[in-house]
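Based on the hints, put chains B and C in the right spot on chain A.
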Amino acid sequence: MTATARDTVLGRIRDALALAPAPAPATTVPRAYRTGRTLPDAERLALLTDRLTDYKAQVHTCTRERTAEVIAGVLRERGAHRVGVPAQLDERWLDAYDGEVLTDSGDIPAPALGELDGVVTASAVSCAETGTIFLDGSPDQGRRALSLVPDLHVCVVDLSSVVVGVPEAVARLVPERPTTLISGPSATSDIELERVEGVHGPRTLAVVIRTDA
Amino acid sequence: MSTFLGMPATPPRSPYGTGNLRGERTFPQAAHDELRNEQLRRNLGRATHTIRAKRIAVTGELPDWEELRDAGAAIKTDTMNRLPELLERLERKVTERGGTVHWARDGVEANEIVTRLVRATGSSDVIKVKSMATQETGLNEHLESAGITPYETDLAELIVQLAHDRPSHILVPAIHRNRDEIRQIFLDHIPGVDPGLDNVPAHLAAAARAYLREKFMTTRVAVSGANFGIAETGTLSVVESEGNGRMCLTLPDTLITVMGIEKVLPRYQDLEVFLQLLPRSSTGERMNPYTSMWTGVTPGDGPQDFHLVLLDNGRTAALADRIGREALDCIRCSACLNVCPVYERAGGHAYGSTYPGPIGAVLTPQLAGMHAAKDDPNSSLPYASSLCGACFDACPVKIDIPSLLVELRHQNTEQAGTTAEKLAMKAAATVMRNPKLYTAVQKAASLSRAVGVGGRDRTISRLPAPLDGWSDSRDTAAPPTRSFRSWLASAEGAATMRAAAEEGARRTADDRTGGERTADNRTADDWTSGDRTADNRTGGERTDAERTDGDRTADDLTEGDHQEGQ
Amino acid sequence: MRIGLFATCLGDTLFPEAVKSTAVLLARLGHDVVFPPGQTCCGQMHVNTGYQREPVPLVRNFAEQFGDASIDAVVMPSGSCAGSVRHQHEIVAERYGDAALRAQVATVKAKTYELSELLVDVLGVTEVGAHFPHRVTYHPTCHSLRMLRVGDKPLRLLRAVEAIDLVELPEADACCGFGGTFAVKNADTSTAMLQDKMRNVLSTGAEMCTAGDSSCLMHIGGGLSRIRSGTRTLHLAQILGSTRTAPFALTEAAR
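One line per chain: the protein sequences are A, B and C, in this order. By the numbering used here, the letter at position 181 of the first sequence is numbered 181, and the numbering carries on one by one without gaps. By the numbering used here, the letter at position 197 of the second sequence is numbered 197, and the numbering carries on one by one without gaps. By the numbering used here, the letter at position 168 of the third sequence is numbered 168, and the numbering carries on one by one without gaps.
Worth flagging that the hints you see were computed from the coordinates, not collected in a lab. These numbers were taken from a predicted model, which means no experiment stands behind them. Incorrect hints may appear among the rest.
The calculated DSS-like cross-link candidates involving lysine-lysine, where the alpha carbons are at most 27 Å apart (straight line), are [as the list claims (entries may be wrong)]: (1) Lys426(B) to Lys443(B); (2) Lys54(B) to Lys56(A); (3) Lys185(C) to Lys422(B); (4) Lys426(B) to Lys436(B); (5) Lys436(B) to Lys422(B); (6) Lys398(B) to Lys54(B); (7) Lys185(C) to Lys426(B); (8) Lys109(C) to Lys436(B); (9) Lys426(B) to Lys374(B); (10) Lys398(B) to Lys109(C); (11) Lys374(B) to Lys422(B); (12) Lys426(B) to Lys109(C); (13) Lys374(B) to Lys185(C); (14) Lys443(B) to Lys422(B).
Chain A with its partners taken away, still in its complex shape (with noise of 0.2 Å):
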């Protein structure tokens, strides 16, 4: 049945193409925009730093020696006393931290997760031009769930992964891994097209830039 509906809608696109040929055989893509760009670090550090906060991310810069510091400031200032954080994070992120640290192994159910204050994850890239942020499960990100369910994500980027557009930073990216693009926290725009922040995804996002990392 299913082997049938394949070789009827195959032959089906085939049969279209024969009556309605394409005028040209082959169709060159012209790939005119942006690509590679590069700016110095200062610049996508406040174009990245720009972006996120117009998305009504929360947006702090340290040095890798302050991270710990900086991390534990944020959690405290938002009443986080329980924190989850993916497998292989950087312990040492969390030394300042005096709540409570609990490791994903993969196994915390979900309704577990939503009661976590909330979350801390590295990030793969970032992309300065747009305020977007690219996570794609490695150990120090962790699993789509773990960033996703907590109500609040502290998410750690350093300035070395901040690329200035959209194609330099899916150009590092590796597509076979489940891959999550977050732009602010979650929002809509369903109610007369009137942006509002906070809905299903973490509420407040926290983003700690490493400016010598």
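For chains B and C alone, kept in the frame of chain A given last:
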């Protein structure tokens, strides 16, 4: 291997009477009622103007926006040209990565596949990410008839579902509702909602969050659509804002994705184009809050049972149309809806289809057919446009919607057989192909003025059907007593033109600085001597004009024309 | 330059003043204006309504009337008719014409202009010596704006008119709702669009709303007349054709 057994057959449309690709009334009938809904007009006006401004701002800030559009259009053209190989590759890649691919010839078959897959999990509930494809096939109704409860999780889809309403917009299905109406829907339909809920959008969103939280945590099956499917890698993508997509794509054990066959893209790299085009055109954001990309099954992360249903449902019929197939390039951004003056007034329901607005007016008839001779409401859709062209300008993949509308109108008139309109058009063409007949009709029109049409204020306020819709709100000027050509051939016209030419000659002489220009004062002669070539006979008629009245000269002119033309 | 004037069926029959002004203006600028008398209609209404076989003779006639190599440019005081000649004639010729027609159509298309394009792009003038002491707002009709891409050429011409009080039209680029047979087939929606256009026109306090297309002006003007607004419509050519010595005179009913 693709070898044809005989002639290629025209692929079928979506089966008549299935899914949500056909309204019950024609567009003008439905619009007539929708236009009376003042609330709807205000909601739509406000929403579309808001989104237009945002889109203009974020597309304007990219200096390479046009280059991105060119690339997007070319990638789509390339995709359609290579559709069989791309789909086969997508299938292979998804399968290699642990997914299962199903093919559905039409919406009915897609619904059956999804229902069977849900049943196999033993779940009686599914959570749904907003999906145009499953809206098109009427999946929810089908699931319900099979005893399975679908929960829409997109805020707008939830509003529509709770109110037993229909979506009216591709991106914002509840755009026709304002905050007060949404508050009331929530109060009426969400179990256990706070009775003190106010109309603040953030509070309404919070109410939806609280309601759906438990569904996300406990439902074991999700159904989604897909914005893109990458043939090269087998990667699928959903672009969203609220996080409901992430919830559905991540938390359940089983994920069933229904994707139209035209949504495939050749390369992973192509995402660099569409991830710029789509959010900026759609919500007017530089990037939407969340985009999920997954490739088959990832152990330990997300659903471990993944099914991809590839849907035809009339898409191959559209593909078989040399011109119309361009509509398949659509990435469902809804920019064309947001800029369309017709959509803005009539609203999405008037189109009667899952796909409203300009793109709906070209896509719906192609997916489901027009059946013009049977008064199919779909045959009214290509006419639901003033051809103003705003949609073409806004389209991120440069679909020439006005030209497609004109093409579908042509197909409709070709299908419709002999109609009163066609006879009138033939008659008009017969008059206009014949300059002599044409001037005679013009003269009759001018005479109507002489016999009193239009009255003293020269205004016609009432016209007979089918022009009564026009005259209900517009006056029409009675034809002037003299057409341009009869004026031109008259003594007055000739004198006026002669004077203008003389002024032109003086001007030219004044302008002349080194004699490099030719003697343009010859223009004055053109209007007086009548000795020019065949296409300048007006001057030659001047003497006739001088001895006759203006109306006579029109005839003289035409006759002269014919003599010279023999 | 030797310029072939296409009056358009609507202009010739119902709005001759706009065509007269076009002819006079071009002659006054020193150009050789010719009016091929066998001209009738470009067939736009047919094509836009879905009829492509019927207008073949009209397309052919247009190409024959204006194909003469002695005509350097073809002008018409209508953005939508120019759009039809430039974008639709080849569609009709391709589908229902012969090779000869396709060649003729391509030749004529290449030298066809709407009035503001001809003036600014071809003749290189923006200051045409006009004088028009009235408050005016400009509606950039859809086909001029989005099919022909005339851009701000009409506004540049208007800004150069002496004594004019040119006021910006809010939401100027929105369609007035005419759309040819659209206004008849979808009269309710068309009327809703017209109402918004009229509201914007009236908000400017202009005495006149101008545009480069008599068909849109017929629509807007018909609405303004019905509500007895006191504001009228006037073709761009009539403003550009007004001078101190030959000022604009009200010769048509106020619409």
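Each hint tested on the structure:
no.	hint	in the structure
1	Lys426(B) to Lys443(B)	holds, 21 Å
2	Lys54(B) to Lys56(A)	holds, 17 Å
3	Lys185(C) to Lys422(B)	holds, 14 Å
4	Lys426(B) to Lys436(B)	holds, 17 Å
5	Lys436(B) to Lys422(B)	holds, 23 Å
6	Lys398(B) to Lys54(B)	holds, 19 Å
7	Lys185(C) to Lys426(B)	holds, 18 Å
8	Lys109(C) to Lys436(B)	holds, 25 Å
9	Lys426(B) to Lys374(B)	holds, 22 Å
10	Lys398(B) to Lys109(C)	holds, 23 Å
11	Lys374(B) to Lys422(B)	holds, 16 Å
12	Lys426(B) to Lys109(C)	holds, 25 Å
13	Lys374(B) to Lys185(C)	holds, 18 Å
14	Lys443(B) to Lys422(B)	holds, 25 Å
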